[in-house]
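Number of protein chains: 2
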Amino acid sequence: MFLLPVFVIAQNEDSIMIKKISDDILKNGKAYDLLRQLTKTIGGRLAGSPQMVQAEKWGLETMQLLGADASYLQECVVPHWVRGKGDVVAIKKINNKTTSKTLAAAALGNSIGSQKTIVANVLAVADFDDLEKRKAEVKGKIVYYNSGFDVTNIRPFKSYSESGIYRRNGASRAAKYGAVGVMIRSLSESTDNFPHTGVMAYNDSFPKIPAVALGIQDADAFWQLCKQNTISVSLLTHGKMLPDTIGHNVIGEIKGTEFPNEYITIGGHLDSWDLAEGAHDDGTGVVQTLEVLRALKVLNYQPKHSIRFVLFANEENGTRGAEKYAAEAKAKNEKHIFALESDAGGFTPRGFGFTMNAAQLNKVQAWLPLLRPYGIEQLSVGGGGSDIGPLNQQFGTALGGLMPDGQRYFDIHHAANDVFENVNKRELLLGAVNMTALIYLIDKYGL
Amino acid sequence: MFLLPVFVIAQNEDSIMIKKISDDILKNGKAYDLLRQLTKTIGGRLAGSPQMVQAEKWGLETMQLLGADASYLQECVVPHWVRGKGDVVAIKKINNKTTSKTLAAAALGNSIGSQKTIVANVLAVADFDDLEKRKAEVKGKIVYYNSGFDVTNIRPFKSYSESGIYRRNGASRAAKYGAVGVMIRSLSESTDNFPHTGVMAYNDSFPKIPAVALGIQDADAFWQLCKQNTISVSLLTHGKMLPDTIGHNVIGEIKGTEFPNEYITIGGHLDSWDLAEGAHDDGTGVVQTLEVLRALKVLNYQPKHSIRFVLFANEENGTRGAEKYAAEAKAKNEKHIFALESDAGGFTPRGFGFTMNAAQLNKVQAWLPLLRPYGIEQLSVGGGGSDIGPLNQQFGTALGGLMPDGQRYFDIHHAANDVFENVNKRELLLGAVNMTALIYLIDKYGL
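Top to bottom, those sequences are chains A and B. All residue numbers for the first sequence refer to the working numbering, where the first residue is 4 and numbers rise by one. All residue numbers for the second sequence refer to the working numbering, where the first residue is 4 and numbers rise by one.
Honestly, I wouldn't trust all of these hints.
Treat identical chains as interchangeable: a pair holds within one or across any two.
The calculated lysine-lysine pairs, modelled on DSS-like cross-linking and capped at a C-alpha distance of 30 Å, are [said to hold, decoys possible]:
1) LYS30 - LYS230
2) LYS104 - LYS366
3) LYS230 - LYS119
4) LYS95 - LYS43
5) LYS104 - LYS33
Think of the hints as simulated: they come from the structure by calculation, not from any bench. Because the structure is a prediction, the values reported are computed rather than measured.
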């Protein structure tokens, strides 16, 4: 034995430890039951909502139950958008012929409601170039953006990034030319008709007009209809920005034995859109974070560095929790060596993406053989997440993001079908296995 | 350009061709619509059932529509098992106290029904070792096998292989000691309560006794109950083996331009269990096979070798279609260079497994960079499938099997929830993309 190179012994130790982690989580993991609690007893929990408060309480109590050395709420100011009563969009006329067909529609997050019914003709455009070409026709109309995904992208996240600009900026781009409302094709390639909400923002230079997303079936039929016909639609939404209110990051800690003042952060976001239960987005990241805490405590792992488990506030429509966490860390002059986020759905884990320097990446990539037996196939460049991004900006902290299989994510993302029933227990737990293993390796070897 | 090594030019050509395949399938693929037809208009299609006949007709017509150079039915004798009216299992007594709790149960495929209600005490055993230790207690009882998956296996297929012996052999192993019936825990780790059927077989040396599978929730509760109590259950099943009947493999061909007498086979099985629609098992393999045909024809690919698209009969409870296909090939002295099967669910593709010699495997593994952009992470040793296995036994034909992500498969496998709604369009199409790409490479370069 004593002739074996040191790294072989270390790798054996590590593979034994990771097998212990995996066996314990797959047999005794609580993430699935915790997710049921979060989604079924609390549900959607947008910043400022009563459910946000319930979720914070639940998160704090759960961290205590799981044996965190310390746990507390970190106050932050959050925006408070409410949808109000039901969004109603309908086709009223086709070529001046009266009709009435309700479309599956949902107001975009942070959008200002029409408050009363608007009726207007539609200008349907393929993209912003198309809008610019036809800007003379926009005034007084409702603009429809056919913001479809490029289905030839193998990674749906790429398509989401490409099309996301229509949801984020489409309203003001159209308001600039006098539009009275906008509609987009939901950012999805689902085969159903649930509309997908998500955050948008106004450019203050132009009027704030209402904005909705249509379900994919209705959107595709609508786009075809608009090609040949003059269409008039009615639109009624009730969205309001109420005054900012108070929310909290929920934080648990395990104290480091060697470097108690050096932090590793792991987290997901506790808030979720109001249309559903926020199961994959980001209930799964929340309960995986809690699962890592549970597993490390049960296995009696004494980390060298302090590990922070953070359920971030307000990722969806403000990222104020993320900003607060980094600002507090800065104010206290904390040292943050690594942060890991899970916010891409609770599907089968396939990799981690990293934002770190080349030396750190080399170090991490050498661990691939240890993670491969648990389904990780790549440790790649680029990754992190919006809740840990500010740590990197503040301190240059190295970041990692769990990369689950992404094919199903946009079927349910921000839509009414993002529910507990669409999460698979083993896929969820396997994500937590790999997250725990990565945290273990980074804590043990540093970065 | 002319200075580039030949293999670089070839790889560029290949990557361009595979991108064309991928774009066409992801944009224009018909697999999802075909799956809807097969599952929703035909449904479960066990060998010998009227739906088997409908599915064969549908398969043949679809191959013609997709432009196969030739298409035909290949007759084979198939077994004809029928479940009969509903399976009923209930707890009747707990420690002599009368009760009545119906359990979610389904007779195992090919099992002989009790025809009338049996009431007997239960002997619950963990495994065959436990049964052997307690063989003196078996006589007159219904044996329950707690055939749970080892959840610490990362690949559920491994757990299925390990536990499958209780479904296949459990009845006769218990009948040997005088059991009057057997029940197993469904071969699944689902969180729901659907019972999972699947094929079993009797050892002719012992009485043929009825056999059922329990849904996981009921099975787990039942196992706990049996630990502390004397339990009596009633069991009523109606399964019957009718006389063998006629089924067909459905075969389409594209004629080879250089080696028309050398065959590449690609297929899935057309039959499926009666409890559901056979969506993932193996509707997805069927429609992926048809998708490969569609894509090659649309892209006007002229293969060097003849390509056969085969929808195999009777995989589930006999594999007579597979045997017939190999026997016919043998009778005609055909040369079969490769066969590919998709029968592990229509989930995100992650690899292919191969049964072939080392030189062939080296050749295939060199193509990994061409497939990786489409989600394939491993081209590994071991794989094929029960429908192409006989070709390997007959001719030593090299085999490949699509390896999709396997975490969800046993949630729906052989159970009432194996329905169209549980198949994701993009995951299904991505499987077909990689199957088409692999067939293209093998046809172009040979093996």
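Now the hints, each set against the structure:
no., hint, in the structure
1, LYS30 - LYS230, "between (55 Å within a copy, 20 Å between copies)"
2, LYS104 - LYS366, "neither (58 Å within a copy, 57 Å between copies)"
3, LYS230 - LYS119, "within (28 Å within a copy, 65 Å between copies)"
4, LYS95 - LYS43, "neither (38 Å within a copy, 34 Å between copies)"
5, LYS104 - LYS33, "between (45 Å within a copy, 29 Å between copies)"
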